[in-house]
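Trainee: Since each chain sits alone in its own frame, please combine them into the complex, following the hints.
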Amino acid sequence: MTEAAPTMTLGDAIARVHRMREQIGRVVVGQQAVIDQVLIALLASGHVLVEGVPGLGKTLLVKALAKCFEGHFGRIQFTPDLMPSDVTGHALYDMKTEQFKIRKGPAFTHLLLADEINRAPAKTQAALLEVMQEKQITIEGKAFPALTPFMVLATQNPIEQEGTYPLPEAELDRFMLKVQIDYPDEAEEQALVRQVTTGRVQDTLSVDAIETVVKAADIPVLQGITANIRVDDAVFDYAVRIVRTSRIWHSFSHGAGPRASIALIRAARAQALLKQRDFVTPDDVKQMVLPVMRHRVALTAEMEIEGLKTDQALTQMLQEVEAPRV
Amino acid sequence: MDLSKITARVRPRNPYEAADLGIVMARQWFRPLMLLWLLPSLPLMLVLYGIFHAQPLWALLILWWLKPLFETLQLQFIAEALFNPDARWQDFAKKIPTLLRHQLLAKLFVQRWSLSRSFNMPVGELERLGGSQRARRLSTLHRGANATSIWLTLLGTHLEALLVSALFLAGWMLVPVEMSVDFEIDDLLGSPLLFPTLAWGGYLAMWIIAPFYVCCGFMLYINRRTWLEAWDIELTFRQLAARHAAPHTTPTRTLPVLLLGTLLLLPLAQPSPAQAESSAPARTEAASFTPEQGLQEISDILESEDFNQIKTKQALRWADDSARRKAELKGEDKGLLSDLGNWLDDFFKDSPGFKTTLDWLAAVPELLEILLWGLVIALFVILIYRFRDFAIPGLRRQTKTARTIPTHLFGLELDQTSLPDDLIAAARTLWQQQRPREALGLLYRGALSFLVFECNLPLEDSHTEDECVTLCGRKENPARADYFRRLTAHWVRLAYAHQTLGEEDFTLLCEQWPNFAHSEVAA
Chain X
0 MTEAAPTMTL
10 GDAIARVHRM
20 REQIGRVVVG
30 QQAVIDQVLI
40 ALLASGHVLV
50 EGVPGLGKTL
60 LVKALAKCFE
70 GHFGRIQFTP
80 DLMPSDVTGH
90 ALYDMKTEQF
100 KIRKGPAFTH
110 LLLADEINRA
120 PAKTQAALLE
130 VMQEKQITIE
140 GKAFPALTPF
150 MVLATQNPIE
160 QEGTYPLPEA
170 ELDRFMLKVQ
180 IDYPDEAEEQ
190 ALVRQVTTGR
200 VQDTLSVDAI
210 ETVVKAADIP
220 VLQGITANIR
230 VDDAVFDYAV
240 RIVRTSRIWH
250 SFSHGAGPRA
260 SIALIRAARA
270 QALLKQRDFV
280 TPDDVKQMVL
290 PVMRHRVALT
300 AEMEIEGLKT
310 DQALTQMLQE
320 VEAPRV
Chain A
0 MDLSKITARV
10 RPRNPYEAAD
20 LGIVMARQWF
30 RPLMLLWLLP
40 SLPLMLVLYG
50 IFHAQPLWAL
60 LILWWLKPLF
70 ETLQLQFIAE
80 ALFNPDARWQ
90 DFAKKIPTLL
100 RHQLLAKLFV
110 QRWSLSRSFN
120 MPVGELERLG
130 GSQRARRLST
140 LHRGANATSI
150 WLTLLGTHLE
160 ALLVSALFLA
170 GWMLVPVEMS
180 VDFEIDDLLG
190 SPLLFPTLAW
200 GGYLAMWIIA
210 PFYVCCGFML
220 YINRRTWLEA
230 WDIELTFRQL
240 AARHAAPHTT
250 PTRTLPVLLL
260 GTLLLLPLAQ
270 PSPAQAESSA
280 PARTEAASFT
290 PEQGLQEISD
300 ILESEDFNQI
310 KTKQALRWAD
320 DSARRKAELK
330 GEDKGLLSDL
340 GNWLDDFFKD
350 SPGFKTTLDW
360 LAAVPELLEI
370 LLWGLVIALF
380 VILIYRFRDF
390 AIPGLRRQTK
400 TARTIPTHLF
410 GLELDQTSLP
420 DDLIAAARTL
430 WQQQRPREAL
440 GLLYRGALSF
450 LVFECNLPLE
460 DSHTEDECVT
470 LCGRKENPAR
480 ADYFRRLTAH
490 WVRLAYAHQT
500 LGEEDFTLLC
510 EQWPNFAHSE
520 VAA
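Line by line, the protein sequences are chains X and A.
Letter by letter, the first sequence follows residues 0 to 325 in numbering that gives the first Met the number 0.
Letter by letter, the second sequence follows residues 0 to 522 in numbering that gives the first Met the number 0.
Looking at chain A on its own, in the form it has when it is part of the complex (with noise of 0.2 Å):
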């Protein structure tokens, strides 16, 4: 890397800037990037499809958790071009099996967790540091801008949850206003569709997001070495020396600032920025430094008058209860209602009871705290209790018809125990005693009892007779469904038209009940 290649204005910035820059920079190079992006990962999002396409969100989800291959490379992509404008493409593609394998396994289970993965990445992908170096090299960056990228991750995240939405949101939207589209959520969460489209979506979003994720990190990164490093003032000298190597065309105006220069150059230069990569080739007495040396050096600077100048504030601020305590038992301090809080306070010691209080007293903060727990533990409990039959995406459960079965139906018990066990002979009795009504009626009650029940038909209060025959010729077999249409009619000329039916239509329906009251043709 060669800093005086460098093709944006260093400057420090505040990490909100930096990030900023870091969006420019995405926009800047955004095919690129987005092209990097698409060309491992969609094979892979293909494959991964084809594989789970029973459930699509695996897919996306191993995806999410390669993410950081992809990345890797949108980095290097970045950094290069940053640095290095005139890099070719072709050096490029040879590069990235390295990169790829490059701590491959620590990408993926160590530091895939990080919420500031994005500024973290340079450290591991640019500057090859790995082990104990990375996270001595990380604390001493993290100090000032680790903030700003964990909330460029929940940024991130949030701003990928959002296209997702915005996806359902925009194909919501181009529904044209005549067509009235009523749909329960709850259809919506059943659709086949969902899923595939979560998936397809997800991947678009993160897709779109990764560009400026990657840019923002690594500008955040370069800012804080920009601080750390003072790149700033090293580009300044090096634009002075290059302009003093340069052939002496006007003499007399290079020297004056060549002095400047030299003056400016001895403070600033020679405290070497703590454990940061030397960079620039042209630090010849960097390498002869052992990091001992360094470390040393650095106590040193810190232990030196500059860094231990003492000034006095003075500020208003609560005085000190202990102290003015302190002062009062020395008797400093003698005033009347001083008097009264010493007599109150020697009337409570001395009083019994007082000791109790006090320690029950001592206790109430931590009965607040088993409280508040308590409280936490069973608000939990009466949510999970509440969503317990939450569908959980991609979880398959057995889940019983929570329908409720009507127990009766046009007026008639329907519930299994009110009917006699051997129905057909019940209704034959009834029918020779003259009671034709009953003995229909115990017929038809039993065919919606074993329809409701052992077929799981669900009918409902409000169905007529005409609805329970049309439910019934769609869900069961035609016989079934043939002999209940044919009970029914019968029924409902009995019922409305008061008229009764002919004894071998009777005897025909007691006949067939066996072949319509039969389980095995009901599974």
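The following block holds chain X by itself, in its conformation from the complex (with noise of 0.2 Å):
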């Protein structure tokens, strides 16, 4: 793990999220639009909130996207009697040693699925999103570092909204993406049935067809490169203008904050080199305004009684942002 090349060149950069985003699509069938913000979010370290009724792979995508660069992965069911230590860990008594032994978390991971993250209390909520923002584990005092590269997804389900906690807007902010998973079209589900029920016995797809391409110490060199992608001022300043807009947009009680700037920027970096490109165009930007900022603006109380989506009024308002003028 220690002989990650620190040296890797662009193209190599390229390559290698080339063939991650290639492998994954091979089990994740149908759902490439989300494998490509997932693969963003990771390359620009950020966090991902995974919005989709249950049953359409984001365990199978979190698995794959692990098996691909030989990451460790972790799951958490949260439920409203889950306590902060069942996420971070606990400190246990040993009898035989007669000391507190550390026992650790499933927080210590490369990658943590949080099912149905609303379904637990703020204070759990807290632990989580403290790993997210710190990258560190507290347990009993002790700070203990999160492994890297640390990645959370976190699943909301939008129907049955009864009996949970919503994550407040601050902690909302705290995540890099929000992505909207959708049920895949007819051609594609259809793929999806074939691969799944054609000689298997189980109903879920294996993650063993896929190879891995990269190794996770990787992963913070991709990082790197993909912070360094070139970005002109003008498309800083576009980015900073959408930003901005949104605070006076009539449609939004509330608009984005500073974090949705630097979180688009980021994403749109990433996004770059997705797109085998080693600088920002405004379209990057552009495309990644949705799932950035999404989570990070309210609707006001008559567009929601006008059954206007935040989506909708997002496109409104880009419709309205100048792209840049060079």
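No lab work stands behind these hints: they were computed from the structure.
The beta carbon of each residue, even a glycine, is placed where N, CA and C say it ideally should be.
You may find that some hints are simply not true.
So these bits of chain X aren't anywhere near chain A, every CB distance computed over 12 Å [claimed, not checked]:
| hint | residue |
| --- | --- |
| 1 | I13 |
| 2 | P105 |
| 3 | Q194 |
| 4 | Q318 |
| 5 | E319 |
| 6 | E321 |
Think about it this way: if two alpha-carbon atoms lie no more than 20 Å apart in a straight line, the pair counts; the simulated SDA-like pairs of lysine to any residue are [unchecked claim]:
| hint | chain 1 | residue 1 | chain 2 | residue 2 |
| --- | --- | --- | --- | --- |
| 7 | A | K93 | A | L68 |
| 8 | A | K66 | A | L114 |
| 9 | X | K274 | A | Q498 |
| 10 | X | K274 | A | T487 |
| 11 | X | K308 | A | E453 |
| 12 | X | K274 | X | T8 |
| 13 | X | K274 | A | R492 |
| 14 | X | K122 | X | D80 |
| 15 | X | K308 | A | I184 |
| 16 | X | K274 | A | L493 |
| 17 | X | K103 | X | R74 |
| 18 | X | K103 | X | H71 |
| 19 | X | K308 | A | N514 |
| 20 | A | K4 | A | T235 |
| 21 | X | K100 | X | Q135 |
| 22 | X | K308 | X | Q179 |
| 23 | X | K308 | A | V176 |
| 24 | X | K103 | X | Y92 |
| 25 | A | K474 | A | R492 |
| 26 | A | K474 | A | E453 |
| 27 | X | K274 | A | R485 |
Mentor: Rendered as structure tokens:
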């Protein structure tokens, strides 16, 4: 693992990302946009909030991602009685050695799937969010660094809001992207059914077919390369203008903060890498606006009554923001 | 028409009650009535729809215009059903061609536009009156029931409109809540399905409303005649007579009834209703009666004492000002106030300005009237101006697209006047001056300007480079789209990555420019 290639060239990085994308796409059928956005979050070292009905292959996606860079994968099902220590870990008194032993929780992993994060109370959510923000885990006052790379994929169910603890805006802001996962289209679903049922006994797709294409230690290097992708001043200006417009846009009761601008540029850089480019264009920014901003703005009451969706409002707003002037 | 066979209870009703009875009748014979309308109209509608399938509203309009023909059949049927319950379908079917031909032109051109059509129809169709006779008869009948029949027509029209809207609403309500259907009203108005739906919806609505409309109008007519001709009394007498004509099983009881009947009959049977069609075949003395004699008799009766009783009524009312004024002039009322009034009157009459003021004041109402009319006209002008772009269904306009063409895109001046005449030469010069950014910028600007102004590509300020390429690829021919894609790729690399393109790439772009900016290809 230590034999990471710090001298990885841009061409190498592009090739590797492309192969990762390809490998995941072999298993996760019909969710190319979701795969791309999750990869973008990984490259930009952000976290993802996934919203979608159950059974669309979220676990499979995380497993596949973990497999393709030989990473560890953990999963926590959030329930109302979940305690913070169930996430982070706890100290255990060992009778034999008469000492406290630290038992590390599921957060000590590369990819953490936090299923239905809004079902756990705020205390437990906060424990996870601390790990996300600080990249360290505190057990009994002792801080342990989280593994690198560390990425959380939290899922939310858009229906069944009864008895949930919705994440407050400040905590939503920690997620770089909010990905909306939807049903695959007809052709893709046929391919999926064919793939799952042919020659298999179980109902789930296996990730055995995925080849490991990068090592876990390569991911920080890739992240470093992503952070150095060229961004022209005009593009910076465009991203900031979009975020600032959201603050005065009539459909929103509150717009996105500066974290949104930061996330927008980071995501656009990763998107450029995914598109096999070494510079960011305004298109990269524009394409990332929906996933970056949809959980950071709130519609006004009137717009909600009118039945406007956040994505529609954002799209309308984008139509009013002038593209960069070079 | 045999009054004694009538299947409804005859009594004088108020018009609304009569219309109500019409509804009951329509419900009673709903199926045959619906069928009678559908059988002739549906083939016609199908043919018309076939002819005007591009403009289906014309089919609906023509069918609407022909409505009296279908309603004639319904009216005949309902009249038969009311007065002759034993009538057979076969007999009725034989009469249909004659019924349709009767007063065909009058029905379609003159009588079609009357608001009380359903009420007037029986006069032409059942009494078979035409021309001035019909007009006179209608003027008699209209006294008392015309308003209701007009309301009936208005109500029917509105119900039809309501049914058509209900059709749309029903479609809308059947969309599941989970499906978010967002549509613009413009999309709906521009939908190719709108006019066919409207046409068939309108047909359906006319079909459903027609039986009620015809029956209500007919019952209004019957009711009016019941009032005019005292049908209820006549029926009672006929029943008495029938019982009298029956074998005398109980003579002791029949005799007093007969006597009473005769007593009642004497004053009432004499005045025959004005201009009413003599419907009872039993009334033999009416046959020897000329209309002139009838009119003479009517005027005699009207001049008789019964119609000329004078009653004195007392009530409070405002005093007549002119009478008071006259009294004042005569000096009968000499109060202090009156003196003051007279003095003021005299004073103003003598002053020279008063006369002109008075004239001026008299002109005020006229002025106001002119002003109001002016306002109305101005309102119309404003309304017409305001809705000048309103699309009238069925009318094609040569609309000029009101799309605002951007003059700037990505900070580039797109106005064609800002571009040099020989774009390529200018770009080459810039390139030779080691100013690749300006050179490629000029080419890109020229391409955008060409797409916006020559190809009418709907580019907006918010479109990014890739979106322009996508849009161009969707609307333009592949060769042009490919050139624009390559040009954009070079431009994006130069603008955002600061990577200059090679000499040969630039030369190639310049050489292929004429193929791109070629107006004939654009067309």
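Trainee: Give a verdict on every hint.
Mentor: A quick look at each hint next to the structure:
Residue-level check passed: I13(X) sits 14 Å from the nearest beta carbon of chain A, beyond 12 Å. With a least CB separation of 35 Å from chain A, P105(X) remains clear of the 12 Å interface cut-off, as annotated. Chain A leaves Q194(X) outside its interface by the beta-carbon criterion, the shortest separation being 29 Å against a cut-off of 12 Å. At roughly 5 Å, the least C-beta separation between Q318(X) and chain A is not larger than 12 Å, which violates its mark as non-interface.
Distance to chain A contradicts E319(X) as a non-interface residue, since its nearest Cβ pair spans about 6 Å, not more than 12 Å. Distance check for E321(X) against chain A: the nearest CB is about 5 Å away, which does not clear 12 Å, and the non-interface claim fails. Among the hinted pairs, K93(A) with L68(A) is consistent with the structure: their alpha-carbon atoms are about 16 Å apart, no more than 20 Å. For the proposed pair K66(A) and L114(A), the alpha carbon gap of about 14 Å is at most 20 Å, so the pair holds.
Note on K274(X) and Q498(A): the hinted pairing holds, with a Cα-Cα distance of about 17 Å set against a maximum of 20 Å. The hinted pair formed by K274(X) and T487(A) meets the criterion: a straight-line CA distance of about 16 Å does not exceed 20 Å. Straight-line distance between C-alpha atoms of K308(X) and E453(A) comes to about 37 Å, which puts the hinted pair past the 20 Å bound. Restraint check for K274(X) and T8(X): satisfied, since their Cα atoms lie roughly 16 Å apart, inside the 20 Å limit.
Taken as a hint, the K274(X) and R492(A) pair is honoured in the structure, with Cα atoms around 14 Å apart against an allowance of 20 Å. Between K122(X) and D80(X) the CA atoms are separated by roughly 11 Å; this keeps the pair inside 20 Å, and the hint holds. For the given pair, K308(X) sits about 19 Å from I184(A) by alpha-carbon distance, which is consistent with the 20 Å threshold. For the proposed pair K274(X) and L493(A), the alpha carbon gap of about 17 Å is at most 20 Å, so the pair holds.
Using a Cα cut-off of 20 Å, the hinted pair K103(X) and R74(X) holds, with the two alpha carbons roughly 14 Å apart. Restraint check: the Cα-Cα separation between K103(X) and H71(X) comes to about 14 Å, which is no more than 20 Å; the hinted pair holds. Among the hinted pairs, K308(X) with N514(A) is inconsistent with the structure: their alpha-carbon atoms are about 44 Å apart, more than 20 Å. A threshold of 20 Å between alpha carbons decides the hint, and for K4(A) with T235(A) the separation of about 13 Å falls inside it, so the pair holds.
Restraint check for K100(X) and Q135(X): the C-alpha separation of about 18 Å stays at or below 20 Å, so the hint holds. For the hint linking K308(X) to Q179(X), the alpha-carbon distance of about 13 Å falls within 20 Å, and the restraint holds. For the hint pairing K308(X) with V176(A), the CA-to-CA distance comes to about 15 Å; that is within 20 Å, so the pair holds. Taking the CA atoms of K103(X) and Y92(X), the gap is about 14 Å. The hint holds against a cut of 20 Å.
Between K474(A) and R492(A) the CA atoms are separated by roughly 24 Å; this puts the pair beyond 20 Å, and the hint is violated. A hinted pair counts as satisfied when its Cα atoms are at most 20 Å apart, and K474(A) with E453(A) qualifies at roughly 13 Å. At most 20 Å may separate the alpha-carbon atoms for a hinted pair to count; K274(X) and R485(A) meet this at roughly 17 Å.
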